[in-house]
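**Student:** Residues per chain are reported as follows:
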Amino acid sequence: EDQVTQSPEALRLQEGESSSLNCSYTVSGLRGLFWYRQDPGKGPEFLFTLYSAGEEKEKERLKATLTKKESFLHITAPKPEDSATYLCAVRGGTYKYIFGTGTRLKVLA
Amino acid sequence: SAVISQKPSRDICQRGTSLTIQCQVDSQVTMMFWYRQQPGQSLTLIATANQGSEATYESGFVIDKFPISRPNLTFSTLTVSNMSPEDSSIYLCSVEDHHRRGETQYFGPGTRLLVL
Chain A
1 EDQVTQSPEA
11 LRLQEGESSS
21 LNCSYTVSGL
31 RGLFWYRQDP
41 GKGPEFLFTL
51 YSAGEEKEKE
61 RLKATLTKKE
71 SFLHITAPKP
81 EDSATYLCAV
91 RGGTYKYIFG
101 TGTRLKVLA
Chain B
1 SAVISQKPSR
11 DICQRGTSLT
21 IQCQVDSQVT
31 MMFWYRQQPG
41 QSLTLIATAN
51 QGSEATYESG
61 FVIDKFPISR
71 PNLTFSTLTV
81 SNMSPEDSSI
91 YLCSVEDHHR
101 RGETQYFGPG
111 TRLLVL
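Respectively, the protein sequence lines represent chains A and B. So for the first sequence, this note's numbering puts the first residue at 1; every next one is plus one. So for the second sequence, this note's numbering puts the first residue at 1; every next one is plus one.
It is possible that part of the hints are untrue.
With a Cα cut of at most 20 Å, we get these calculated DMTMM-like pairs of lysine to aspartate or glutamate [as the list claims (entries may be wrong)]:
#1 A:K57 x B:E58
#2 A:K96 x B:E58
#3 B:K7 x A:D39
#4 A:K106 x A:D39
#5 A:K59 x A:E81
#6 A:K42 x B:D64
#7 A:K96 x B:E54
#8 A:K42 x A:E55
#9 A:K68 x A:E17
None of these hints come from the bench; they were simulated from the model. None of the values given here were measured: they were computed from a predicted structure.
Put together the whole structure using the sequences plus the hints.
**Tutor:** Below is the structure:
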């Protein structure tokens, strides 16, 4: 059964304190691993798609990496405006998108 | 990427009534999805809506409770019928965009529903 587990559930960082969010997955026939950012009361905002192990994508202070079992979202020198819930999802051979429960990130000024 | 809008953005409804949520996309898309996100939870897929065919519902969701229309390639509606407080959630419309390497899903801004 396809499965996604995100950790930690919540993370508090000081502004400028770099860290990483983890997304562990089990899927048959990975068609893509997706990262989204979601602000309270809003729809998820697309960040990255990763397709194969070893792939990396970057956008401003965010960098996503992928192995055969997990993905990391690295946040470098975060700012308060990076505070949000970060969701990970995978799509496998069933063609369904399976979402994790997210990591709630709070960056303190 | 597709630009998606939803109406209404939020509503407060009485139990036993129904609400229809509209989803409009700025480009033609084959697959549209409807999700529910209950407070503090992740996204749960309600159904997949393809133009010209009946929606495909996930386990635990039925057409009588969540009828879906998909009249064309840019529009869909989800109705939440005979509402109860347990239906209080954010309802999200999404579309799938195809590109060279695969597919990516984009979401609308959501409809926040509170049932009293």
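**Student:** Each of the hints needs a verdict: does it hold here or not?
**Tutor:** Results of checking the hints against the structure:
no.	hint	verdict
1	A:K57 x B:E58	violated, 32 Å
2	A:K96 x B:E58	holds, 10 Å
3	B:K7 x A:D39	holds, 19 Å
4	A:K106 x A:D39	holds, 11 Å
5	A:K59 x A:E81	holds, 14 Å
6	A:K42 x B:D64	violated, 27 Å
7	A:K96 x B:E54	holds, 17 Å
8	A:K42 x A:E55	violated, 29 Å
9	A:K68 x A:E17	violated, 28 Å
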